[in-house]
Amino acid sequence: MTAWDALRAALDSLRANPLRSALTMLGIVIGVAAVIAMVAVGAGARDQVLRQIASLGTNLIMVGQGSIARGGVKLGAGTASSLTEDDALAVLSEIPGVVVTAPSVRWGLQIVAGNQNWGTVLFGITPDYMDARDWSVATGRGLSDEDVAQANKVVVLGQTVVRNLFGGGDPIGEPVRVFSTPLTVVGVLAEKGQNTQGQDQDDVIFVPLSTAKRNIPGMAKSNPRFIHTMVVKMRDGTDMAEAQAQIRDLLRQRHRLVAGQDDDFWMRDLSEVSATRDASSRALSFLLAAVAAVSLLVGGIGIMNIMLVSVTERTREIGLRIAIGARRRDILVQFLIESTTLSLIGAAVGVALGIGTAMGVAALAGWPTLIQTDSVVLAVVVSGIVGVFFGLYPARRAARLNPIEALRHE
Amino acid sequence: MASEPAEPLITVERLTRHYRMGPQIVHALDDVSVVIHRGEFVAVMGPSGSGKSTFMNLLGCLDRPDSGTYRLDGQEVAGQEGTGLSSDALAAVRNRSIGFVFQSFNLLPRQTALDNVMLPMVYAGVGHAQRVERALTALDSVGLRERARHRPTQLSGGQQQRVAIARALVNDPLLLLADEPTGALDTVTSLEIIGLFQRLNRCGITIVLVTHEPEVARFAGRVLNFRDGRLIDDVNQTPEAAA
Ligand SMILES: Nc1ncnc2c1ncn2[C@@H]1O[C@H](COP(=O)(O)OP(=O)(O)OP(=O)(O)O)[C@@H](O)[C@H]1O
Ligand SMILES: [Mg+2]
Chain A
-1 MTAWDALRAA LDSLRANPLR SALTMLGIVI GVAAVIAMVA VGAGARDQVL
49 RQIASLGTNL IMVGQGSIAR GGVKLGAGTA SSLTEDDALA VLSEIPGVVV
99 TAPSVRWGLQ IVAGNQNWGT VLFGITPDYM DARDWSVATG RGLSDEDVAQ
149 ANKVVVLGQT VVRNLFGGGD PIGEPVRVFS TPLTVVGVLA EKGQNTQGQD
199 QDDVIFVPLS TAKRNIPGMA KSNPRFIHTM VVKMRDGTDM AEAQAQIRDL
249 LRQRHRLVAG QDDDFWMRDL SEVSATRDAS SRALSFLLAA VAAVSLLVGG
299 IGIMNIMLVS VTERTREIGL RIAIGARRRD ILVQFLIEST TLSLIGAAVG
349 VALGIGTAMG VAALAGWPTL IQTDSVVLAV VVSGIVGVFF GLYPARRAAR
399 LNPIEALRHE
Chain B
7 MASEPAEPLI TVERLTRHYR MGPQIVHALD DVSVVIHRGE FVAVMGPSGS
57 GKSTFMNLLG CLDRPDSGTY RLDGQEVAGQ EGTGLSSDAL AAVRNRSIGF
107 VFQSFNLLPR QTALDNVMLP MVYAGVGHAQ RVERALTALD SVGLRERARH
157 RPTQLSGGQQ QRVAIARALV NDPLLLLADE PTGALDTVTS LEIIGLFQRL
207 NRCGITIVLV THEPEVARFA GRVLNFRDGR LIDDVNQTPE AAA
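For the record, the sequence lines run as chains A and B.
The first sequence lines up with residues -1 to 408 when you count with our numbering.
The second sequence lines up with residues 7 to 249 when you count with our numbering.
This is chain A alone, in the form it adopts within the complex:
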């Protein structure tokens, strides 16, 4: 009996009971579809996060003033002016591999344009900040070194702010006010969308660092060199852990911290963010594997059940086949191919359904989905194995039938 003969016999027998065959496949169909759709959703989300992280830059280190105790509670934030522009300069000049340090201050405030006002976050920055954080300007211009040097009263607005203050209008050249300081809009930032935590990154305004310090009441009263954070951009391929250690040593030394004393600044690089994401996606994969295993197990038991019924129903046929020259092995192979065909057709339907579901989710819920070829291949291979494994017992039963008794059956 050739494989082709066995396949034909299998398809014939599955066609004999189309509804029963379909119901038997259902377990495999659902298992495979669920795995492929869920992997696609998971991969889509992961891919989006990774792209966001990559757009932030994995070679950035954020340093902020104030210490963070274990457990994430901020201690002493905003107290002593622990971080200064001079720290930023020192990091740039003394730590190897540093491309740029971008000091900044930030302040939540109201911005007023005409009779409109809007609560947003002001960043006092240098041009390096825009470079380090990958900001670009959509219209108008960005901040220049001259703006910073002369503390020009200019501002660059994020898209959300523009939308809320000017509606659809062009804000370039328009006057706005923060506190009582009049500023002129010189540029609008390109849209960035939400960050990985779901915050709107476009709800910001940028002014020169010097302008912020001079005009925001109370901001720099204890130390005019004071900053909130600095972004340190490292050369590509730098060992980030090593760089962090060096920066920490330098800052502790500059801040005259003795051994045993906590840092009065915090530091983090964005590869940590991606590591947490990796861990959570690993947990998701594990969950998926469990779901897949259970549904394929249930599907396999369904197949075994229906194959046992089939062997019983076709006892006479088996007896006849043996009488006209089928070897035990031929009978075994015939039933194994039948169970495997059943599971593989189920897998094929499941793949189609899974891809359809993933595309449906993408279209209807707007989630990004990404069909993973390996999940498809794996699901199909595992389904095939399930078909063979759960078909083996019924097939052996068929192959061991006594032909004389089988022919007398019924």
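It cannot be assumed that every hint is accurate.
Restraint ranges, calculated between C-beta atoms of paired labels, are given here [to be verified]:
| id | chain 1 | residue 1 | chain 2 | residue 2 | range |
| --- | --- | --- | --- | --- | --- |
| 1 | B | GLY131 | A | ARG18 | 55 to 61 Å |
| 2 | A | ASN15 | B | HIS156 | 18 to 24 Å |
| 3 | B | GLU139 | A | ILE299 | 40 to 46 Å |
| 4 | B | ASP79 | A | ASN15 | 41 to 47 Å |
| 5 | B | GLY85 | A | ASN15 | 33 to 39 Å |
| 6 | B | GLY201 | A | ILE299 | 35 to 41 Å |
| 7 | A | TYR391 | B | ALA98 | 24 to 30 Å |
FYI, nobody ran anything at the bench for these hints, they're computed from the structure.
A virtual CB, placed ideally from N, CA and C, is assigned to each residue, including glycine.
Could you slot chain B with the ligands onto chain A? The hints should help.
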């Protein structure tokens, strides 16, 4: 036909098959010895439970004897001390050398007559084109070529049995074994079928056929009578020619 039958096709010596039913031993076949030559048409008769089917199953290599020897066409199928062919070799013998015809036809109900007739060639490794050709020839020889595409349910009992005979013939066997092939058929159809057997026998195939009906046995050249598992009577006769 006047000359003596040539070489022995079947040589059975002291063939015994018993079943243990609790404390009791049923001697289904008890110490049977017989020689059947090529070209013979043998009828096997006897009351119910006399061991006819047991004998046929042994000849057909579907069963193994508890003792005794069985040679088919010079090949030792079952030898002394339980020697004999492996299960795969027995399958090959059933496939190539023997054709079976059953009382209940045993056609696969969802397959056409043609597919049913082709089935033995599936296990003989015959190529697909040749299968169709040979199956059509076999159907032709039983007069059912034009019914090749019919399913068993679309055929009468006699036609179904003829399809089954075509299936038994398709691998050109030496021996045709038929266990009550007319048992499910009316008298007229029975005579048609027995006439077909006679024609096939004249073309050279050896036939062993079980029947309860003397009218059927009349067409055979030799009658073996069984009782209680034993061969009690073995007579040659002049066969009556079917219409
Ligand atoms: N599998 C078995 N287990 C136990 N006893 C059996 C078995 N097969 C046959 N027998 C017994 O062996 C004896 C011979 O049976 P067999 O089927 O050969 O008779 P038969 O001559 O073909 O009868 P019939 O004309 O009714 O078909 C019977 O007594 C039967 O009960
Ligand atoms: Mg019988």
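(message) When the structure is checked against the list of hints, which entries are broken? Sort them ascending.
(response) Hint check: 1, 5 and 6 fail, others pass.
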